[in-house]
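Please construct the entire structure, taking both the sequences and the accompanying hints into account.
Chains A and B are the protein sequences, given in the same order. Residue 114 in the UniProt record's numbering is what sits at position 114 of the first sequence, and the numbering runs on without skipping anything. Residue 229 in the UniProt record's numbering is what sits at position 229 of the second sequence, and the numbering runs on without skipping anything.
Wrong hints could be hidden among the right ones.
What the hints assert, rightly or not - Just a few of them, taken from the derived set where beta-carbon distance is under 7 Å, the chain A residues facing chain B:
id	residue
1	Gly-40
2	Leu-109
3	Phe-119
4	Trp-144
5	Met-166
6	Leu-194
7	Glu-196
8	Phe-227
To be verified - Chain B stretches covered by chain A per the calculated footprint, using a threshold of three residues with CB under 8 Å from any CB of chain A:
id	region
9	34-42
10	93-99
11	141-155
12	176-187
13	278-291
Unchecked claim - Listing some non-contacts, in silico: residues in chain B with all C-beta distances to chain A over 12 Å:
id	residue
14	Val-25
15	Val-29
16	Thr-56
17	Gly-57
18	Tyr-61
19	Arg-63
20	Arg-75
21	Pro-168
22	Ser-191
23	Ile-212
24	Ser-251
Everything labelled a hint here was simulated from the structure, so no lab data went into it. Remember, predicted model here, so these are calculated numbers, not experimental data. Where is the CB? At the ideal position from N, CA and C, for every residue including glycine.
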Amino acid sequence: MAAQDAAIKASSDTLFSGSSRGSRRNMGQFIRWALLFGGGILMIMPIVFMLSTSLKFPFEVYNLNLIPEEPTIENYTYVLADGRFFGWFWNSLIIATLTTVSAVFFDALVGYALCKFKFPGRYLIFIAILSTLMIPTEMLVIPWYLMSKSFGWLDTYWGIMFPGIMTAFGTFLMKQFFETVPDDFLEAARIDGLNEFQIWWQVAMPLVRPALAALAIFVFLGNWTAFIWPLIVTNSVDMYTLPVGLSSFGDEVDVAWELIMTGAAISTLPTLVVFLVFQRFIIRGVVMAGLKG
Amino acid sequence: MRFYQNLTISQKQIAWAWAFLALPVLFYVVIRFYPTANAFVLSFQEWNLLGARSFTGFDNYVRLYNDPVFWKVFRNTFMYLILGTPVSLVLSFVIAYHLDKVRFMHGTIRALYFIPFMTSAVAMAWVWRWFYQPVPIGVFNNFLATLGFGQIPFLSSTTNALPSVLAPAIWAGLGFQVIIFMAGLRAIPQSYYEAARIDGVSSWTVLWEITIPLLKPTVVFLVVFSSIGFLRIFDQVYNMTTNNPGGPLNSTKPLVLLIYDTAFNGFNMGYAAAQTVVLFTILLIVSLIQLRILRDR
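Set out below in structure tokens:
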């Protein structure tokens, strides 16, 4: 880490030092930096506009300035006043958290079993689970809906969550990572008298912690922003998740853009804050999950 | 317990494997395979949720074939793919290629590009929808007006609406692709570049002869990943064209929205199931073709 930082510092020194031999190169390097930085600022403009408008009075909405002349939190008090957004926020939080815990637990369990146990049918089960990656969610929503309808799962937390409590992607990812755990470790634990469940939970799981975290980020984000299935399975306003709630709220207030931007900000801010805090960690996790998955 | 102790080591392994896998196997059978089979069966039936399910053979597929709306939707779905995948891949590669060579504020710039990936598609669809409104509401048209240009009808025009809806989808996914491309660039051994420098090869040649060929696995992954994403587009379309989802005149309607409409507004379950089978087939073919093409080259 220290070496990397030193290298970064050294190259940033040359970037602005303008030594006679490299000054043309430095100029090019500066233009490259400026274009990339400008592009990066453009990338976050929609989010900046959203936040800025959520702090404006209606009469200022049509103004393009980013800093409101008269900042107000009135939109937030208005949007939050009837409690619906609190409810949707709570629903999303509970559903995304429970689903993430379940998916990470089961995906690691299955990935471990398929990686470390020798038993007949192992390969078949692995291929079967992997093949479900080819089935799009959209193909399953109709049968899931019919199923939920006959079991009385419509409009319940369980109804929203059940399709996601295990994921084939996560299973595959965890299997890949358990391959890196040496069998000797597990054998040593076995000799110490741990049973297989304890070996998995106490010995193998701590060794793949970065992968578990990466998977957790992916699953949580996926469930926090999930739209089509919660839209189908919920019908009462109380059971909506944030995206479904925001969608219906947008239709309801129609052209009150400052209110829509406030609702959008409420559903975007939590993941943004989490990202800003754990930035490096999240990006590393995404690369890990993306490349191994 | 005694019974367990009498088992051989390999029998114990089998017992433990099933203890680990019993619940998950049940899950995959009941929540993945059974519904898939059900969707196929349903596609040969006629059912409006209330009456009886009756087999109608290939009627749903014949009806699909003769439905002009379906072909319109089919074309739209491919337009999302054909515009979205190359545009997002080229943009993200260019950004990653240059960002890889920049050290000053590297982490901050990378974060700026990545932030949109962390947002919810529904929330951002509403932000972009506001951007696209005509003067005096929308940001884009306001901006054009201040620069003295004419107005552009974004979401209300049948030709502009589809790319307008696609833009936020590309925007949100760009950061992920940049990150993956940069990881791919890092994986190329530095010695190749050093050898090229000693030989005095131009950086343009290095790009085409070393960087891009060695990035092939990354490109394969991103092409498949993003194509599947664009073929399944829904959130943006549903939220940006809400008064008439998929409008104007079905010009933005993708297959998934057609499925949603047929099943949950028209309650035509069999017909919708046939549409999902078509989606499944398209996704399967596209991934197979792309893997094939990119692997051969």
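Hints and how they fare:
no.: 1; hint: Gly-40; in the structure: 3 Å, holds
no.: 2; hint: Leu-109; in the structure: 5 Å, holds
no.: 3; hint: Phe-119; in the structure: 4 Å, holds
no.: 4; hint: Trp-144; in the structure: 6 Å, holds
no.: 5; hint: Met-166; in the structure: 5 Å, holds
no.: 6; hint: Leu-194; in the structure: 12 Å, violated
no.: 7; hint: Glu-196; in the structure: 4 Å, holds
no.: 8; hint: Phe-227; in the structure: 5 Å, holds
no.: 9; hint: 34-42; in the structure: holds (count 6)
no.: 10; hint: 93-99; in the structure: holds (count 3)
no.: 11; hint: 141-155; in the structure: holds (count 3)
no.: 12; hint: 176-187; in the structure: holds (count 4)
no.: 13; hint: 278-291; in the structure: holds (count 5)
no.: 14; hint: Val-25; in the structure: 7 Å, violated
no.: 15; hint: Val-29; in the structure: 9 Å, violated
no.: 16; hint: Thr-56; in the structure: 16 Å, holds
no.: 17; hint: Gly-57; in the structure: 19 Å, holds
no.: 18; hint: Tyr-61; in the structure: 15 Å, holds
no.: 19; hint: Arg-63; in the structure: 17 Å, holds
no.: 20; hint: Arg-75; in the structure: 18 Å, holds
no.: 21; hint: Pro-168; in the structure: 8 Å, violated
no.: 22; hint: Ser-191; in the structure: 18 Å, holds
no.: 23; hint: Ile-212; in the structure: 18 Å, holds
no.: 24; hint: Ser-251; in the structure: 20 Å, holds
Going through the hint list in order, the structure does not satisfy hints 6, 14, 15, 21.
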